[in-house]
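S.K.: Sequence:
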Amino acid sequence: GNAELIGNRYTGKVSHFSFWNCDDPYTLVTLTGSFLWEGLNPLAFLEVEITLLSTGEVGNGYLNNEGMLTAAVPINEPMTLSLLDGCGNEFYSMPIGPFAANTDIGMTGISADDVTIVPFSSIIGQLTDCDDLPLQNGYLKVEFDNHTGYLNPDVNGVVESILAVCQTNTTIEVEAVDLNNLTYSAPQIFTVDDMIDIGTIQACEAAFEEYVLYVLDGQPYQIVDYMSMHDSLGVELFLGAEGNGNNISIHSPGSGLGTHAVDWLSVNSLHSGQSSAPDVTITITAYPAAIGETWEGSFEGEFLDQQSTSHTLSGSFKIIREF
1 GNAELIGNRY TGKVSHFSFW NCDDPYTLVT LTGSFLWEGL NPLAFLEVEI
51 TLLSTGEVGN GYLNNEGMLT AAVPINEPMT LSLLDGCGNE FYSMPIGPFA
101 ANTDIGMTGI SADDVTIVPF SSIIGQLTDC DDLPLQNGYL KVEFDNHTGY
151 LNPDVNGVVE SILAVCQTNT TIEVEAVDLN NLTYSAPQIF TVDDMIDIGT
201 IQACEAAFEE YVLYVLDGQP YQIVDYMSMH DSLGVELFLG AEGNGNNISI
251 HSPGSGLGTH AVDWLSVNSL HSGQSSAPDV TITITAYPAA IGETWEGSFE
301 GEFLDQQSTS HTLSGSFKII REF
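Under this note's numbering, the sequence shown is numbered contiguously, ending at residue 323.
No lab work stands behind these hints, which were simulated from the structure alone. Mixed in with the good hints, there may be bad ones.
[What the hints assert, rightly or not] Have a look at the derived ranges for each label pair, beta carbon to beta carbon:
1. Asp-263 <-> Asp-114: 44 to 50 Å
2. Pro-95 <-> Gln-136: 27 to 33 Å
3. Asp-154 <-> Asn-89: 45 to 51 Å
4. Thr-283 <-> Glu-38: 47 to 53 Å
5. Asp-279 <-> Gly-56: 39 to 45 Å
6. Gly-256 <-> Val-155: 41 to 47 Å
7. Ile-320 <-> Gly-256: 14 to 20 Å
8. Glu-90 <-> Gln-219: 19 to 25 Å
9. Glu-38 <-> Asn-76: 40 to 46 Å
Every residue, glycine too, gets a C-beta built ideally from N, C-alpha and C.
Please construct the entire structure, taking both the sequences and the accompanying hints into account.
M.R.: Structure representation (structure tokens):
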């Protein structure tokens with residue numbers, strides 16, 4: 001696979017699991033499932049490795065904030081699925097496959113009796129907006145072990161989960177994000193313990209200066225974490241953004257102000273098929289002449305995914321030029 005520069009980091013592992021892709025010499029099927037700890041808590045953000053028994057080839061990615069897995073894997077291959085703790089050590093494995101078609105393996109419950117170590121800390125707290133009301137459309141961004149995870153609150157703004165924090169790590173950093181008002185809290189540091197109580201955090205420190213907002217098949221998404229936009233020698237455009245388990249990449253052979261055709265895109269777990277270009281355009285309304293100025297614009301249209309299913313997409317963006 002490849003990695004795009006999103007914000008200040010290269011992103012190659014994403015929550016929707018592109019273990020193998022169309023560049024690999026395999027016919028692929030989609031594997032889905034979920035993992036729970038002690039029958040209650042989703043195993044959020046855990047790194048997963050899938051190993052082909054025939055070749056030893058390994059693909060990896062992360063469970064999302066609900067402990068769910070969606071992976072493209074080779075057809076008719078016996079495999080081993082391994083869960084890694086925060087230090088990158090395997091603590092649980094299970095045989096899977098071979099799969100002749102798209103397969104949901106259902107929910108896998110894991111308890112302390114199934115593992116040699118219990119590599120988790122619990123985290124609990126409440127998020128509020130600028131009016132001190134429970135934050136519902138937003139999340140808690142958690143950074144630990146050089147990894148970023150996202151916890152979505154319930155209707156009362158409460159976040160509660162478990163984290164696979166490496167035993168050598170003594171702190172985590174958290175930040176509350178309000179997606180309705182595009183505001184966020186100041187980062188806060190907490191000491192790692194068996195129970196991490198963050199109290200109440202108000203997402204009202206400042207407003208985001210850059211964002212990507214989009215609607216996919218009628219469902220709205222907002223990304224405010226990691227994003228980048230650039231042109232290459234003034235002859236093509238690339239937009240990429242990732243956050244809260246969502247991601248979008250758009251490429252156009254056009255450049256500069258105006259409306260340009262899009263020749264490739266990827267959004268969440270969907271990719272435009274190779275048989276035809278997406279019927280999507282991107283419009284640039286503000287073009288940054290210098291670092292620190294912003295790209296601004298919109299995109300809209302329809303595309304066929306890798307299964308030839310039609311999707312609608314529209315959105316807008318404001319992204320600071322970084323180089």
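S.K.: Each hint should be assessed against the structure and marked as holding or not.
M.R.: Each hint tested on the structure:
Restraint check, Asp-263 to Asp-114: a C-beta distance of roughly 47 Å satisfies the suggested window 44 to 50 Å. Restraint check, Pro-95 to Gln-136: a C-beta distance of roughly 40 Å breaks the suggested window 27 to 33 Å. At roughly 32 Å, the beta-carbon separation of Asp-154 and Asn-89 lies outside the given 45 to 51 Å, and the hint is violated. Evaluation of the 47 to 53 Å hint for Thr-283 and Glu-38 yields a pass: the beta carbon distance comes to about 50 Å.
For Asp-279 paired with Gly-56, a C-beta distance near 42 Å keeps the hint of 39 to 45 Å intact. Checked against the given bound of 41 to 47 Å, the beta carbons of Gly-256 and Val-155, roughly 45 Å apart, stay inside it. Range check, Ile-320 to Gly-256: about 18 Å between beta-carbon atoms, so the 14 to 20 Å window is met. Against the hinted window of 19 to 25 Å, the Cβ-Cβ separation of Glu-90 and Gln-219 comes to about 35 Å, which falls outside the hint.
For Glu-38 and Asn-76, the hinted distance range of 40 to 46 Å is not satisfied, since their beta carbons lie about 34 Å from each other.
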